[in-house]
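J.: For reference, the chains in residue letters:
Protein chains: 4
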Amino acid sequence: MAGNTFGNIYRLSSFGESHGEAIGGVVDGCPPNIELDLNAIQKELDRRKPGQSAIVTQRKENDEVEFLSGIFEGKTTGTPIGFIVKNTNQKSKDYSHITDVYRPSHADYVYEKKYGIRDYRGGGRSSARETISRVVAGAIARQIIPEIKINAFVSSVGDIFIDKPYQALDFSLTESNDVRCPDLVTAEKMEAYIKEIRKEGDTVGGTITCVIQNVPVGLGEPVFDKLHAELGKAMLSINAVKGFEYGSGFCGAKMKGSEHNDLFNPDGSTKSNLSGGIQGGISNGMDIYFRVAFKPVATIMKEQDTINSKGEMVKMQGKGRHDPCVVPRAVPIVEAMAAMVIVDFYLLNNIFKA
Amino acid sequence: MAGNTFGNIYRLSSFGESHGEAIGGVVDGCPPNIELDLNAIQKELDRRKPGQSAIVTQRKENDEVEFLSGIFEGKTTGTPIGFIVKNTNQKSKDYSHITDVYRPSHADYVYEKKYGIRDYRGGGRSSARETISRVVAGAIARQIIPEIKINAFVSSVGDIFIDKPYQALDFSLTESNDVRCPDLVTAEKMEAYIKEIRKEGDTVGGTITCVIQNVPVGLGEPVFDKLHAELGKAMLSINAVKGFEYGSGFCGAKMKGSEHNDLFNPDGSTKSNLSGGIQGGISNGMDIYFRVAFKPVATIMKEQDTINSKGEMVKMQGKGRHDPCVVPRAVPIVEAMAAMVIVDFYLLNNIFKA
Amino acid sequence: MAGNTFGNIYRLSSFGESHGEAIGGVVDGCPPNIELDLNAIQKELDRRKPGQSAIVTQRKENDEVEFLSGIFEGKTTGTPIGFIVKNTNQKSKDYSHITDVYRPSHADYVYEKKYGIRDYRGGGRSSARETISRVVAGAIARQIIPEIKINAFVSSVGDIFIDKPYQALDFSLTESNDVRCPDLVTAEKMEAYIKEIRKEGDTVGGTITCVIQNVPVGLGEPVFDKLHAELGKAMLSINAVKGFEYGSGFCGAKMKGSEHNDLFNPDGSTKSNLSGGIQGGISNGMDIYFRVAFKPVATIMKEQDTINSKGEMVKMQGKGRHDPCVVPRAVPIVEAMAAMVIVDFYLLNNIFKA
Amino acid sequence: MAGNTFGNIYRLSSFGESHGEAIGGVVDGCPPNIELDLNAIQKELDRRKPGQSAIVTQRKENDEVEFLSGIFEGKTTGTPIGFIVKNTNQKSKDYSHITDVYRPSHADYVYEKKYGIRDYRGGGRSSARETISRVVAGAIARQIIPEIKINAFVSSVGDIFIDKPYQALDFSLTESNDVRCPDLVTAEKMEAYIKEIRKEGDTVGGTITCVIQNVPVGLGEPVFDKLHAELGKAMLSINAVKGFEYGSGFCGAKMKGSEHNDLFNPDGSTKSNLSGGIQGGISNGMDIYFRVAFKPVATIMKEQDTINSKGEMVKMQGKGRHDPCVVPRAVPIVEAMAAMVIVDFYLLNNIFKA
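Residue numbers (UniProt numbering), protein chains in the order written: chain G, 1 to 354; chain U, 1 to 354; chain A, 1 to 354; chain V, 1 to 354.
Hints were generated in silico from the structure; no laboratory data involved.
Just to be clear, a hint being listed does not mean it is correct.
Given that identical chains are not distinguished, each listed pair holds provided it fits within a single copy or across any two copies.
[Claimed, not checked] Straight line, CA to CA, 27 Å or less: simulated DSSO-like cross-link-like pairs of lysine-lysine:
1. K256 / K195
2. K315 / K271
3. K256 / K164
4. K195 / K164
5. K256 / K189
6. K75 / K113
7. K75 / K86
8. K310 / K271
9. K271 / K319
10. K195 / K302
11. K315 / K256
12. K149 / K113
13. K164 / K189
Just chain G, same shape as in the assembly (with noise of 0.2 Å):
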């Protein structure tokens, strides 16, 4: 209720501020018996460090996953996993400057507004750090389901995109650039882009495109859990996300019937996949495919106008180490909510079969 849950059947429960002892979670509705890859987990947490690449922030964080129960000789064991990862690199100076500044377009005034209370360190429980859970959570849960391929990738970085179907893309070039992105030429602009942008001082959005294949048919629990609405939540949970679209998206509310359905084959399959791989909120065995809108981070070096808890205008101006675009970095968070997202119709589509 007090939102730090996700899901149903495989559930997350994520604790940690940006500036605590750790970040970390418990799992509950693993099954039980899956051999666990640990480097596999560790390396998606890599995926999504500070401090990777020369178009993200520069500070350093580790972000060692530590299990500290559920998993026995290798494998889950169908009790609860409980995971921390420490913050060793935090410095609580750097937020000093703003222990009393309502920073613009961050949850600074909100969370003080709807507690009563502000932890200004890093933006406490807003600071995007809380994503490290999830990326844990999503790991395991892909270890539960190999067969089916999760590949998000950048679409764009400002009006910078691909300009092709994700048919037509290499996925295994995702991983080969910084800017992840598997369309090379784009991905270079993209990243002379996002250089330029941090040179000055300022930031910019993006989109994040997702692939799911392999999904089974009949997943989704209509009518109100339907499969996209599910994965619409996740990916609107995550920082800085303001847009979903699966499918054909906003371009479908321009298009007729006649040319939007997706006529069938005799197998079932359909001949396009304007649908997005769902129908009625059901996986129908096609490529489930959808879009994610990344706003530009807030904290730039510039200077703003801004006011402090006494409602007193102040100017303040970006310090310490910040990504001057989101989007690389929420890759692994994408496809992790996504994971989770499928894991639990997965399971719960178990229930009715056996």
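Given the structure of chain G, go ahead and fit chains U, A and V onto it with the hints provided.
T.: Positioned in the frame of chain G, the structure of chains U, A and V alone reads:
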């Protein structure tokens, strides 16, 4: 878990197929001592009902709601509100031609694969008649928080869209035309276009914009149950929805931080509102606004190729009485879902205020 | 959250007051393709209905269930099952004498204090008529798991009790007498005693024992949702219940470990079964048995002192037609709640088996 | 769903096995701005820890709680409180003799059958060390409602019981003796008996009574989430519990209505309190009291016959350091669970008061 319950504190459990006895639901968690205006609830149902204008389906359904519990001497009692709307005009014959056929871009195929059984009468549970329960529950929700204003309207049909910010619109005009577009010049174009599309035997998509005003600061439960994440899920759970964006939305993904940040006024309000009234998942007291994309209705009057349950290719053509464009009738549904989300967080927020 | 939903996978949302239009509910999570025997469901309602014998209340209520959705051509479809039972014989006049009076050991006082409003007609939502929804949902549940046998019976009335282990009883005799006690000699004594009590204008308490056989190993979700913890909650949620014990129960608290331990047979069954079929919160394949204590009905025909809503002392005397002893009619309710708990865990257990 | 989360508004998600890295949990829904007395929390852990007296297990475990989030400058922030208690003194060697053996009346057999894997070290998740998380979460809960007094005490051990109503007891004496029985004469007998039982290599059961005072009218959510139903579930979820009764309990089932009814005083309080402070599932402002039955500890030092995983009969004898009687250490656990239930309803009740 099985997908027919929405909300946490204010909770709707919905039931009913298009051609069964009745559509209905149970609203649990409605505060006691609310004087219910039953006419206002019926009026919302009338806004969504078929046959109300020349540009929607010409089926005649009266859709009168009967309340069975939870109301005593005109007031809510705090106990669950059970209600039904009888299905009076359902002609099962109309669907006899598709008993065995999977309609393209409908839920027929996935329902049969998921449940191993198919109620072929009018789409069964996947029919848009299911949204009747949403409209009733949403109309009750609105009466709990009359001070909060929720206005949805049709913002585009096909390529025709309102070319103004919502602040330039007069919401009192929304109901003045059949399209439910408050910009009358645009409304006229939309109406003409929908009639043309219908004449072609085709259908067309559109978007609905929703504006929520007078929301107190503090609604939303990060990190997973962010206010916009729940709004997004609510909207995506409506039939035919393909996308959701709030505030700057997908446009925000193209912007720079220096352009996108909403600077504060001394009283905590913001000069711009690209955040869409929500920061860090919590309402900040500014207007909340979002946009929802609807695909074109899948049932068209043109002949289409499709398959039957034996995997044989067959020809089919839409019969019966269907909407050429879903958005005019979806306006009250969008408002209802928004109302349920807002009330749920509103009540939850009381917990720590008392 | 507001207390009118029971279960996780197999979930009943219940509504209805004793003197409103109808009692009803929504069952969500029922597996598809179950051929429902509707007569068997009605039969369970008949077992709980008033006026069925000389030792229960003489009110006449037919309590006929109408199904509104979720069933097509005799089979469940996997969509929610909505149902209602109309209130046909409710005489609100019977309650006019208590409009303003709080009856001792009834819920009148607390409902008014909690909700700030009182539906004084026959107890409103706190009436035992509410259990109608439970009986319907439980009767459906039993048809999902016909192989699991659930038998409840009256094990004591006042000081009269069955002095045999349940293994010595023939459950087929439970319905042979009005008390629902399978030990016929004891049944006769109980019946005579209840008639005597009724003549006195008094009421008396009793206990019900329930035996569940053929449960597979593995139901129950430690550490909080242990099988017996959910059974206990289910039973304690029934009107008038004051206690629950399973297996050795309160007697077990007097025993030594060397006496209490259930030693294994080579096949994993146990020689004794003081554990009551549940170890560590998980079914072990042995018979599950538990006992439920019901207090005497609060409405007596003798004059009592009480207060009205102004805090004035007033005299009152029960009117209307009430049960001298609640346990005979509570037998099908205990079975229904047990069935819902078992089905819920049964379906949940499928998740990790598939 | 997988059983390791307790509560709705105030919610504990628990993890940890007896011989893993740590026991811990996440408390979500704790109101902000509570000044936490961390020593008081540690003190509750000390009340449950092994080795604290001559009549409990002599294992040495320090059980020091570390808080990882949700607290800033001594106050709760409204964000989730993550905590761990490291397992420092677990000797896995002690369990090497049961790797392959199912201990009678333990959870070994059912865990292996349910999960298909067994963490044989000290019972794994079924170990009573799991209750550490409950005690921490309960100790926090008590600080949210300091005005509500929760006092549990040992009311019987074997056949020895306190022969007085709780009103005649001085709860300040509960901690004055190792048994946690506030009646000192009885306490002495209990202690002598437990020592005798331990000398025999045997164990013995007992009961705990809990009294909750100063509860406001209105807590509890009928019809399913009645206050006593949730208290019952909470207690039954504690290891070794076999029964729960509140107010008149099983004795009430023998009484007449004319004896059992609690007559009102003009102020709404009642002259007697056989209802146990709860009417219709809602607190009525009177003392809440209930009794919990604990079976004897299953691990005895006498030789027992049992089976191994191959179904072979083997001899086994308890090793390690175990409790001869569980109730003295279970007193803080009962109080903790009661506190969590009360806080949960207390917060929920605020929703409709604000």
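J.: Would you list, in rising numerical order, the hints stated earlier that this structure does not obey?
T.: When the structure is compared with the hints, none of them turns out to be violated.
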